[in-house]
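Asks: Mind docking chain B on chain A? Use the hints.
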Amino acid sequence: MKQRDFERRFEPLWLQLENWLAGYEKHKLADRRNNATSTKQAAAISDLPSSYRHLCQHLAVAKERQYTSNLIARLNQLVMACHQRLYQQKSVSQNRWLEFLFRGFPRALRQHGRFVWLACGLFLAPALVMGLGCYWNDALIYAVMSPEQVLQIESMYDPANRVLGRERGSDSDLLMFGFYIKNNIGIAFRTFASGILFGLGSIFFLVFNGVFLGAVFGHITRVGFVTTFYPFVIGHGAFELTAIVFAGAAGLMLGHSLVNPGNRSRRQSLREAGRESMKIMYGTFLMLVIAAFLEAFWSSTTQVDIAIKFIVGAALWALVIGYCLLAGRAPAQMAVSDSTGGRP
Amino acid sequence: MSEATTANAPYSPGDNRGLDTLYEIETPEGIDLVMQAAGPVPRMLAFAVDFFYRTLILIALAIALAFAGKAGIGFWLLGSFLLEWFYPVFFEVLRDGQTPGKRAFSLAVVNDNLTPVSWGASIMRNLLRFADFLPFAYCTGILAMSCSRHFQRLGDFAAGTIVIYRQPATTAAQLPQAAPVPPPRGLQLADQQAIVSLTERSAELSQARQQELAELLQPITGKTGEAALRQLHGIGRWLLGARDAESETASLQRTQRRNAPGQEVPRR
Numbered sequence: 001m002k003q004r005d006f007e008r009r010f011e012p013l014w015l016q017l018e019n020w021l022a023g024y025e026k027h028k029l030a031d032r033r034n035n036a037t038s039t040k041q042a043a044a045i046s047d048l049p050s051s052y053r054h055l056c057q058h059l060a061v062a063k064e065r066q067y068t069s070n071l072i073a074r075l076n077q078l079v080m081a082c083h084q085r086l087y088q089q090k091s092v093s094q095n096r097w098l099e100f101l102f103r104g105f106p107r108a109l110r111q112h113g114r115f116v117w118l119a120c121g122l123f124l125a126p127a128l129v130m131g132l133g134c135y136w137n138d139a140l141i142y143a144v145m146s147p148e149q150v151l152q153i154e155s156m157y158d159p160a161n162r163v164l165g166r167e168r169g170s171d172s173d174l175l176m177f178g179f180y181i182k183n184n185i186g187i188a189f190r191t192f193a194s195g196i197l198f199g200l201g202s203i204f205f206l207v208f209n210g211v212f213l214g215a216v217f218g219h220i221t222r223v224g225f226v227t228t229f230y231p232f233v234i235g236h237g238a239f240e241l242t243a244i245v246f247a248g249a250a251g252l253m254l255g256h257s258l259v260n261p262g263n264r265s266r267r268q269s270l271r272e273a274g275r276e277s278m279k280i281m282y283g284t285f286l287m288l289v290i291a292a293f294l295e296a297f298w299s300s301t302t303q304v305d306i307a308i309k310f311i312v313g314a315a316l317w318a319l320v321i322g323y324c325l326l327a328g329r330a331p332a333q334m335a336v337s338d339s340t341g342g343r344p
Numbered sequence: 001m002s003e004a005t006t007a008n009a010p011y012s013p014g015d016n017r018g019l020d021t022l023y024e025i026e027t028p029e030g031i032d033l034v035m036q037a038a039g040p041v042p043r044m045l046a047f048a049v050d051f052f053y054r055t056l057i058l059i060a061l062a063i064a065l066a067f068a069g070k071a072g073i074g075f076w077l078l079g080s081f082l083l084e085w086f087y088p089v090f091f092e093v094l095r096d097g098q099t100p101g102k103r104a105f106s107l108a109v110v111n112d113n114l115t116p117v118s119w120g121a122s123i124m125r126n127l128l129r130f131a132d133f134l135p136f137a138y139c140t141g142i143l144a145m146s147c148s149r150h151f152q153r154l155g156d157f158a159a160g161t162i163v164i165y166r167q168p169a170t171t172a173a174q175l176p177q178a179a180p181v182p183p184p185r186g187l188q189l190a191d192q193q194a195i196v197s198l199t200e201r202s203a204e205l206s207q208a209r210q211q212e213l214a215e216l217l218q219p220i221t222g223k224t225g226e227a228a229l230r231q232l233h234g235i236g237r238w239l240l241g242a243r244d245a246e247s248e249t250a251s252l253q254r255t256q257r258r259n260a261p262g263q264e265v266p267r268r
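One line per chain: the protein sequences are A and B, in this order. Going by UniProt numbering, the first sequence opens with residue 1, and the numbers climb by one from there. Going by UniProt numbering, the second sequence opens with residue 1, and the numbers climb by one from there.
Simulated from the structure, these hints should not be mistaken for lab results. It is possible that some hints are incorrect.
Covered stretches of chain A (in silico footprint by chain B; criterion: 3 or more residues with CB under 8 Å from a CB of chain B, positions within the stretch not fixed) [unchecked claim]:
| id | segment |
| --- | --- |
| 1 | 56 to 62 |
| 2 | 68 to 75 |
| 3 | 78 to 88 |
| 4 | 183 to 197 |
| 5 | 263 to 276 |
If the Cβ cut is set under 8 Å, some of the chain B residues that face chain A in the computed set are [said to hold, decoys possible]:
| id | residue |
| --- | --- |
| 6 | 27 |
| 7 | 29 |
| 8 | 33 |
| 9 | 35 |
| 10 | 74 |
| 11 | 128 |
| 12 | 167 |
| 13 | 200 |
| 14 | 205 |
| 15 | 240 |
| 16 | 242 |
Virtual Cβ for every residue (Gly too), placed ideally from N, Cα, C.
Chain A on its own, in the form it takes in the complex:
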């Protein structure tokens, strides 16, 4: 068949598909506004898979018969566009989100428990060493930060000047909320992302944060600002510190997939680790948002009694730890019936 006959014969199908693709965005909008108006379009789409298969055949034939590059380019583009529509991934439904929250996230944490424990160790060991060191030795804190920083931290938690007081007003709370979101979630994201450098970045950030926080804890305890510092940190710390550890664990997974890909290629191994680590990162992101809320609006209040703050803080820690250890451990058959019932 000559190219012109070929084109003449199948042009209607191509035009139909092109028109549909061009009207796709409009159709999507119209669909959102009014379902009834789009019935005509829907009819054209209903046979998309079969039209698409025909189109694919046309492309193959055109290539085989070495028709002109313009025609092949046009068909290739059309196939590409249809391919993108046909294999579009479905958006996440609400049920999936809830399922992730109550099952997927804690299960992912337990499944990759050795990375979580490793990250935990990398964070806590330096923190412990620096904490005890700074508690015993007055000068050690200056190995980590400058005297100005030390003064600033001391003044922040000095019970005498009560800068943490409620009198700072709700607009300051909002300011600090924005700051905590940007700063803390940024730290977690960096801890995760730099894990792709064979895990070295995550290790660095975990150890660095451990050293820094350990030093602050040790020094503040030594100076004796216990009554302001601990009530402040205990509440949001439950979410923030664990989230940093989880982000580090996700980063370590990326690094491990490159260092030890097993019997897969490094690229493939990284892809799989990436997919798994994203499960942890979604949850980590959520935890850090909660932590920022608590830090800005709860931890800073001084009107609440210290004892209550400790009780709430302890409860939050119990909640986080209990969630990580116990959530999603439903009996097998219940989980199955739930997951099938959850999906339409």
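Replies: Frame of chain A; chain B shown alone:
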């Protein structure tokens, strides 16, 4: 912008793939989809455009929130956090893989099976932007792009995404108005394709250049200047399937050409 013009380069099965930036996958229908992977330079330019827009938004946000005092600063910090990490995610997922900067250079992010990029993949590649930034100014990312087969940075590797050229819609080529002429005998396939492609591209090339090319075939066409070009256009149209009521002249010319069977037409 030379990349953008070659984005429309014809695909033919015999291409030497070694030096090419074509990205090819096979769909479940057994069709090879071919796209062109985008290199570091247009991507850096696209990033610069996006960076410019982001800075503009941040400045506008700062002005708008200047009257809101400390709470305003809080909201600004929140906005800058979202812009820093999720500005590309938002556009890549909701705008067919194109941030404004990528759109300006007709680039698009897709999954490496050439399906639209998903939320997870987009978030992944943009979180890992930080690793690509290290130690400064995206050194790691540029290095990774330069070394990898399809210009993928670390984030692309982990998320399984690729940046391609999104080609503008091609319009059917306007064929020159020339009477169809049957080709001489013994015209090889490659030669036929060369003549057809000359015919199809007649609108893109200057008349003088086309004539210059056509005159290379003087030993076969026996003509020079405009006449040679018109004859080649005629052969091209004939090969594309055009047949006019000029069968008499066609058959006549065919007998003339019979004297030179199997003669190789020089390639363009």
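Asks: Now, for every hint given, state plainly whether the structure supports it.
Replies: Hints, one by one, checked against the model:
no., hint, result
1, 56 to 62, "holds (count 3)"
2, 68 to 75, "holds (count 6)"
3, 78 to 88, "holds (count 6)"
4, 183 to 197, "holds (count 10)"
5, 263 to 276, "holds (count 6)"
6, 27, "6 Å, holds"
7, 29, "4 Å, holds"
8, 33, "6 Å, holds"
9, 35, "7 Å, holds"
10, 74, "3 Å, holds"
11, 128, "5 Å, holds"
12, 167, "6 Å, holds"
13, 200, "6 Å, holds"
14, 205, "14 Å, violated"
15, 240, "5 Å, holds"
16, 242, "6 Å, holds"
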